[in-house]
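Asker: The chain contents come next:
Number of protein chains: 4
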Amino acid sequence: MQTLGLALMGTGRMAHVYGPKIGAHPGLRLEVIYNPRMSSATKAAEQYGGRAMDDLDAVLADPAVDAVVIATPTDTHVDYIEAAARAGKPIYCEKPLDQSLERVDRAMSALHAYPVPFMLGFNRRFDPDNAALRDAVTRGEVGRLNMLMSWSREPSPPPIEYVCVSGGYFVDAAIHDIDLLCWIAGERPAEVMAAGSCMFDDRIGAEGDFDMTMTTLKMPSGALLHINNSRACAYGFDQRLEAFGDKGMVQTLNHRDDNLVRWNKARTVAREPLKHFFLERFDQSFYNALDEFHQAVTEDRAPSATAQDGRAALAIALACAQSANTGTAVEPNYGCTAGC
Amino acid sequence: MQTLGLALMGTGRMAHVYGPKIGAHPGLRLEVIYNPRMSSATKAAEQYGGRAMDDLDAVLADPAVDAVVIATPTDTHVDYIEAAARAGKPIYCEKPLDQSLERVDRAMSALHAYPVPFMLGFNRRFDPDNAALRDAVTRGEVGRLNMLMSWSREPSPPPIEYVCVSGGYFVDAAIHDIDLLCWIAGERPAEVMAAGSCMFDDRIGAEGDFDMTMTTLKMPSGALLHINNSRACAYGFDQRLEAFGDKGMVQTLNHRDDNLVRWNKARTVAREPLKHFFLERFDQSFYNALDEFHQAVTEDRAPSATAQDGRAALAIALACAQSANTGTAVEPNYGCTAGC
Amino acid sequence: MQTLGLALMGTGRMAHVYGPKIGAHPGLRLEVIYNPRMSSATKAAEQYGGRAMDDLDAVLADPAVDAVVIATPTDTHVDYIEAAARAGKPIYCEKPLDQSLERVDRAMSALHAYPVPFMLGFNRRFDPDNAALRDAVTRGEVGRLNMLMSWSREPSPPPIEYVCVSGGYFVDAAIHDIDLLCWIAGERPAEVMAAGSCMFDDRIGAEGDFDMTMTTLKMPSGALLHINNSRACAYGFDQRLEAFGDKGMVQTLNHRDDNLVRWNKARTVAREPLKHFFLERFDQSFYNALDEFHQAVTEDRAPSATAQDGRAALAIALACAQSANTGTAVEPNYGCTAGC
Amino acid sequence: MQTLGLALMGTGRMAHVYGPKIGAHPGLRLEVIYNPRMSSATKAAEQYGGRAMDDLDAVLADPAVDAVVIATPTDTHVDYIEAAARAGKPIYCEKPLDQSLERVDRAMSALHAYPVPFMLGFNRRFDPDNAALRDAVTRGEVGRLNMLMSWSREPSPPPIEYVCVSGGYFVDAAIHDIDLLCWIAGERPAEVMAAGSCMFDDRIGAEGDFDMTMTTLKMPSGALLHINNSRACAYGFDQRLEAFGDKGMVQTLNHRDDNLVRWNKARTVAREPLKHFFLERFDQSFYNALDEFHQAVTEDRAPSATAQDGRAALAIALACAQSANTGTAVEPNYGCTAGC
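From first to last, the protein sequence lines stand for chains A, E, B and F. Using the numbering used here, the letters of the first sequence correspond one by one to residues 681 to 1020. Using the numbering used here, the letters of the second sequence correspond one by one to residues 681 to 1020. Using the numbering used here, the letters of the third sequence correspond one by one to residues 681 to 1020. Using the numbering used here, the letters of the fourth sequence correspond one by one to residues 681 to 1020.
No lab work stands behind these hints: they were computed from the structure.
If chains are identical, the list can't say which one is meant, so a pair holds when it fits in one copy or spans any two.
Each computed DSSO-like pair below joins lysine-lysine, with the alpha-carbon atoms no more than 27 Å apart: (1) Lys769 with Lys723; (2) Lys955 with Lys945; (3) Lys955 with Lys927; (4) Lys945 with Lys927.
My request is simple: use the sequences and hints to build the entire structure.
Answerer: Here's what the structure looks like:
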């Protein structure tokens, strides 16, 4: 197995997800951990291995760095993409690309000019159950796909400080469901209609954002898609998919910590609570996403989650936000100025 | 138990549903079966009992007729309501009241002028599982209601002739889900957004109708409701509800013909197919609805499914149709000209 | 439909089960309620209809009595069977026939001498789910039947007074499972092995009885059967079957009061508690058993649950008790002295 | 983490299970693969790493070998245990210890004389679901344990050659269930009653063995245990546990390859087939068992699955075989001649 030396860019929450996964993958080697503040880089390197570095040019010039994993704050993704592309390094970038289509198009231009392998971290595609449902749909198990539904209900709202810089609920969270459903359906919506409310945390509403949305995607084939998002969920992280076609339906079930069934006086046939949140529920998917990146780079082919996918998901999310605010159906802006 | 003598108006499909249910209810007596064509009335009377009659005035003047059950074609409901109200007879009327708000308002005026007990046949409220879910919501099991979802997927499209006179998919079928969800939520939508497609029977699309829709209802409380309708469903009559609140979620399960679980080579843990269609799935609810009518009339109180409920559901269904055709959010027209 | 006038013999617990079921069946008419104490008969007749009588000969001579339903204390069953058989009346008798094989053989002799239609009230055969499982087995869904298992766990032990006269746990309760499994398997055990404990109510153990047993039936075909009995069950009346063959397995599920699924913080995916006890769980089966009796008598054919079945079940239950007490495999005594 | 250098004794089926698990464990190092035939050792070493050796004394004298994993044919286990104990090497031994109590007692004597850490490979204890059920029982979730049941139905009979040397079905396979249930119950049976048949492969019966058994264990506390074994199972590897106490019941569910639910025309709500066999179903448990061995040795404590447990499970299995052949309850021979 060919080994790739990686530079992990960033030392925040997502870097802490990727650090151990890189360590566990036999084909990946954590060569460098980068943060412009050396103290943060050093601390992370002590935890996950690799050399701490704070000089971007030195990282990208380092011959032991075969590729970069960008897990920095969202608004710096495009800058790092441009720099790494120019340096000819294959790039794995945490989603979203950015919160603005303009800046995303800058990244697209860079990737057009310096065509390095690029993969966007849409990890949920790499979840075994989500992938199995897509396989079932692709194999024709449900016949022609007529409806597709996705639920993502998070256990509790994030800190209000996070909400303020998140780009809004659609761009921050629904973008996962958007990408997943388009990937399963094999097409992108012609039009979206969305409705939002704020019922869990008033401060989110005061920011002009929603904590609960229902979105309808109208696909060119006629298929109708529903996305069900909530920033709070009393019973855990509710993650379900339902694909309905003229030959039947396939659903994914939620995950639990054990497979026990409990029968007792108060309420019979009870199961364990759901997995708590995305780190628990989608743990495996981060590993699998890195594995896809490793395979694609070592096999010299394009990774399966592209920058174009990321741009389209963002365009759809922004259209959803506009629809939720105006009460009209909105066409997503798919016209990438970089010609993608 | 006080017995009510009933005149069953009509001899079509729904009359064949109500005939046997009246016979099985110890407090109801099928006194008269009415059809303007005597031959049809006679044939039905031979099957279900009662005297065949073809003279409306004679039926309404008959002292043995304590109340009427209107199961005639939809576009005649209002005429029979007016006549029966004027004659002072309590009325049970199959849904919908009519396909036009103008004609419904005529019925409302008649019921205002002649205030007889009136019940609309929204039978699904009287299904034990639907009622149990509403009880759970009302008891606060899910806390504050945030989301409410209803699936109604029919096994196969009706004959195109039926579709042509049905008033459109929203008015004909979604109206059940609309009434059920408003009844559970305890409020009516401020605004609706709907999307429709035609993917199962092109002739339905050629009529300007849909055979598959997704509808979002935005409620004054902020709650968001989803209605999922399909004219076809390979695995039977899919009927589910999901109520989601800040304390949890309650769902209803589909019904089957037996409680066996089958484990075999091809696919393990299989269950019986779903109930075929509404006659099988909601069989009990028709009996229970007649029972509510019987109780209300004999206890001298208003039945629980009112004409106002019927008018509101129609107004919402028409708003859904408009939204699906225009791509904008639409406010239902709740302004009953009869002052209801 | 030919109507049968019935004399209901007895006014105890089981008579209160049969009274309303007879009233609800369109082909049965409760003609007489008999108890040697007139006051008891009168009270029951006021509740369920029919004429109260305390003179056995008069009941059996009454021309309006087409058949008798014996629901008296177990140790009087044989006497009433003899009397009714001699009088030429078709007999429906609550299980068990008796607690001793000697007395059962007396009943068999009477039925041999006076061959009236006779049906034993093994109501669980007439439960729709149990019957559906047998149908599945008979149709060959599981292939050759290799294993068959039955669980009957009651919510709480009966009063100790009842236990003292019950004939022991095997004869009183396991006899239901024994009959059901032999009926499904289509054969009777060559040998039984049983083990018992007393863990719920020490007074039961002090009577030399068990409140918890596991029984193995070894069938002539080689099939192995397991019966799992408990006098107590915290989560309701646990009633399950499992049929395992070389092509697969079929199980029956427990019943609940509703079809809701509840997701909440404490324990997610909870269902309603099980049905409380046999009156709730097997309610329909008593009606269906009377219906089989009505059909058999009016169609002039033998009812499907025979006296022979009752004798065999008792012989097996007694063998189980002996095995549990001696620790050896025991062959049931199938040698009916009446030549059955 | 302290690393242990291991000698893997044997290159057969179980060695192929342990080889990759050792490689995946960060605290274990596959130092040596031993087989008296050098060619076999070399081939396995090429596959899993480590040095190939064919000289037992050299292996046990090798300073890089900190412990041995015995995965040789069952009838050689005792010899290797004696040799490794004498050499002072900690021992992990695949189950069963041996097929005869006499030879097991020889191993017990050796371990008594040379008290090295010793762990028996009862891997099913280390399955997360089995462990979670035991935890639930130990925490008192079901109250006092009254009944405990285990199903182990294998997908298809092993080759007849294997059956001939397996020591019989109880010693070869039921021994897993026996150990698991005693471990959960926290006690060993006072008496066993077993019944067996041969219905899947006549050649197994011709060997005097069974391919289908039902076993009852009577525990000193009064608890009754049931073990349900079959050498064939059309729907996969059926592995279930059910613990029943005075406060409720806990069950484990079978595992599948995905979490999809499929609704289709033929049979609705279908799930993936079960895991194929023990390698798939208990894959994780082998890793966890090695992890327990690693932890115990490096923490200088006794591993949790002891030689005594292995001797007791064998004594129970032999008693089951005797009971199935004689039809009487049998007390297991717990009297270890080595004083254990």
